[in-house]
Amino acid sequence: MPAVRMIITGQVQGVFFRAETQAKAKELTLTGWVRNNADGSLEVHAEGEPEALAQLQAWCHRGPPRANVKKVIVAQAEEQGLATFEIR
928 MPAVRMIITG QVQGVFFRAE TQAKAKELTL TGWVRNNADG SLEVHAEGEP EALAQLQAWC
988 HRGPPRANVK KVIVAQAEEQ GLATFEIR
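Per the numbering used here, residue 928 is the first one in the sequence shown, and the count goes up by one each step.
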């Protein structure tokens, strides 16, 4: 399966971004994880079908209602073979 890693900056912590990302990923049948980084950014690793990954990337550019996304850096990633999408 294709995999991507995203770093999302802006007002992305304390606005339910991780929970909403997990819900969106599950809706799209993606596996992976999302976590807060110490620098205030959010990191997402997602695996699945290319169309679903593209939809998650587009959603991450908007984020949940209280978020203020400044930038999303997307890179190809190695597949980790995860079974679910979890919050770390």
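Please note that the accuracy of each hint is not assured.
Derived pair list, reagent style DSSO-like, types lysine-lysine, alpha-carbon separation capped at 30 Å [unchecked claim]:
(1) Lys997 / Lys953
(2) Lys997 / Lys951
(3) Lys951 / Lys998
(4) Lys998 / Lys953
Computed beta-carbon distance windows for the label pairs [stated by the list, open to error]:
(5) Asp966 / Gly1008: 15 to 21 Å
(6) Ala950 / Gly1008: 19 to 25 Å
(7) Thr956 / Asn995: 15 to 21 Å
(8) Glu976 / Gly941: 18 to 24 Å
(9) Glu976 / Glu1013: 18 to 24 Å
Bear in mind the hints are in silico, worked out from the structure with no lab data behind them. A virtual CB, placed ideally from N, CA and C, is assigned to each residue, including glycine.
Range agreement (Cβ of Gly941 with Cβ of Glu976, hint 18 to 24 Å): 31 Å, violated
Consistency of beta-carbon spacing, Gly1008 to Asp966, with hint 15 to 21 Å: Violated - the Cβ-Cβ distance for Asp966 and Gly1008, about 28 Å, lies outside 15 to 21 Å.
Assessment of proposed distance window 18 to 24 Å (beta carbons of Glu976, Glu1013): 19 Å, holds
30 Å limit on alpha-carbon distance, applied to hinted pair Lys997 and Lys951: 20 Å, holds
Pair hint outcome, Lys997 versus Lys953 [Cα-Cα no greater than 30 Å]: Holds - the C-alpha atoms of Lys953 and Lys997 are around 24 Å apart, at most 30 Å.
Restraint check for Lys951 with Lys998, where alpha carbons must lie at most 30 Å apart: With Cα atoms ~19 Å apart, Lys951 and Lys998 stay inside 30 Å; holds.
Beta-carbon spacing of Thr956 to Asn995 - inside the hinted bounds 15 to 21 Å or not: 28 Å, violated
Given pair status - Lys953, Lys998, alpha carbons within 30 Å: 23 Å, holds
Range hint compliance [Cβ, Ala950 to Gly1008, 19 to 25 Å]: 22 Å, holds
The structure does not agree with the numbered hints 5, 7 and 8 stated previously, though it agrees with the rest.
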